[in-house]
Amino acid sequence: MAIDLHKYANPRRFLAITSAIYPWSLALTVILLAAGLYTGLFVAPPDYQQGETVRIMFVHVPAAWMGLMIYTFMAVASAVGLIWKHPVADLSAKAAAPIGACFTFLSLVTGSLWGEPMWGTWWVWDARLTSMLILLFLYLGYIALWQSFDDPSKASKAAAILALVGVINVPIIKFSVDWWNTLHQPASVATMSGPKIYSSILTPLLIMGLAYTAFFVTLLIIRVRAEILARRLRILQLSELQER
Amino acid sequence: MTRKRRRLYMVLAGMCVLGIATALVLTSFRDSLVFFYSPTDLAAKPVAAGRNFRIGGLVKDGSVVKDGVIYHFSVTDLKNEVPVTYKGMLPDLFREGQGVVAEGHLNDSGTFVASNVLAKHDEKYMPPEVAAALKKSGEWRPEASN
Numbered sequence: 000m001a002i003d004l005h006k007y008a009n010p011r012r013f014l015a016i017t018s019a020i021y022p023w024s025l026a027l028t029v030i031l032l033a034a035g036l037y038t039g040l041f042v043a044p045p046d047y048q049q050g051e052t053v054r055i056m057f058v059h060v061p062a063a064w065m066g067l068m069i070y071t072f073m074a075v076a077s078a079v080g081l082i083w084k085h086p087v088a089d090l091s092a093k094a095a096a097p098i099g100a101c102f103t104f105l106s107l108v109t110g111s112l113w114g115e116p117m118w119g120t121w122w123v124w125d126a127r128l129t130s131m132l133i134l135l136f137l138y139l140g141y142i143a144l145w146q147s148f149d150d151p152s153k154a155s156k157a158a159a160i161l162a163l164v165g166v167i168n169v170p171i172i173k174f175s176v177d178w179w180n181t182l183h184q185p186a187s188v189a190t191m192s193g194p195k196i197y198s199s200i201l202t203p204l205l206i207m208g209l210a211y212t213a214f215f216v217t218l219l220i221i222r223v224r225a226e227i228l229a230r231r232l233r234i235l236q237l238s239e240l241q242e243r
Numbered sequence: 000m001t002r003k004r005r006r007l008y009m010v011l012a013g014m015c016v017l018g019i020a021t022a023l024v025l026t027s028f029r030d031s032l033v034f035f036y037s038p039t040d041l042a043a044k045p046v047a048a049g050r051n052f053r054i055g056g057l058v059k060d061g062s063v064v065k066d067g068v069i070y071h072f073s074v075t076d077l078k079n080e081v082p083v084t085y086k087g088m089l090p091d092l093f094r095e096g097q098g099v100v101a102e103g104h105l106n107d108s109g110t111f112v113a114s115n116v117l118a119k120h121d122e123k124y125m126p127p128e129v130a131a132a133l134k135k136s137g138e139w140r141p142e143a144s145n
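Line by line, the protein sequences are chains X and G.
Residues 0 to 243 in numbering that gives the first Met the number 0 are what the first sequence spells out, letter by letter.
Residues 0 to 145 in numbering that gives the first Met the number 0 are what the second sequence spells out, letter by letter.
Errors might be hidden in some of the hints.
Under the rule of at most 35 Å between Cα atoms (straight-line distance), these lysine-lysine pairs were calculated in the DSBU-like manner [to be verified]: (1) G:LYS135 <-> X:LYS195; (2) G:LYS3 <-> X:LYS173; (3) G:LYS78 <-> X:LYS195.
Read the hints as simulated data drawn from the structure, not as lab findings.
Next up, chain X with everything else stripped away, as it sits in the complex (with noise of 0.2 Å):
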């Protein structure tokens, strides 16, 4: 394994296999998102309690996904990057991070827009909700700590800890809904005994995973490639200091 991510940890393999990847997640993006908007706000029926209400879902749930995935994603990158000093995986997570954290915002903020007409309240400290918002705090330590450190190499290592440290938070966000009485409802789509969402539905719900999920690699590989360049601009330009 690790003997492939070294191929691929290559900054210059990188942009050159990113660079084939990503018109097609981009097209990707924006099939999945038409196709995922257009069942869920006009083909998928009411639900027989919440009504119209139950749309907000479609943009609710893939996001509290995404704010989940995309920190483990950041957490097994800044693992390879502090054991294997791999330069891309830093910057993958570094890349990463605030675009897990405007999922994470975006499901904090629908999940509000929900729970007032459903529940009646915008907010509740429970378990779920709690958790999500620590996961959020997460996010915006992680970004901050990037920036309080001149030095990147030093940056990269605090960063890699905190995250690793933070990833502690997923799987009490997943099970908290079942470990404790939450005023959050209990888990419909990965439960042992399969979906609780009817399938025209679920449906939708799931094509909006998928195009999350495509959005956050296009996204990604912008933000990564950037970080490359704007590395490989800053040894220029120290390069040319010292020729001076």
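Fit chain G to the known structure of chain X by using the hints.
Same frame as chain X, but now just chain G:
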């Protein structure tokens, strides 16, 4: 042992220690991390009258009585039940057989006086026709949802 190996083991060991520490902390705070108590929790561990807490369960079928602006109903977990009174607006999803979380305190006669009532949604999502068909065929088991 190479330096990479050593770093790998250090990260793995660190994650294990962190995981165990978190598990211990969460287990010891178990009781205070719950959002609400069920009627059975309450029967097992009575709470003093006047102390604020939350109670959750299903609104018992046929128990809702509207008395002017005051609602009376029972919250049940199908083993035990607690009578509740509430004065105020109820959320849209509030109905008999539906999950509910009420915040308030017990009075001296053992009735829960709610200051706030939240509707709890279950994890099932389906179109109205499917719900109607399930009810018709007798496959409807709302109590299995909690």
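> Does the structure break any of the earlier hints, and which numbers would those be?
Replying inline: As far as the earlier hints go, not one is violated by this structure.
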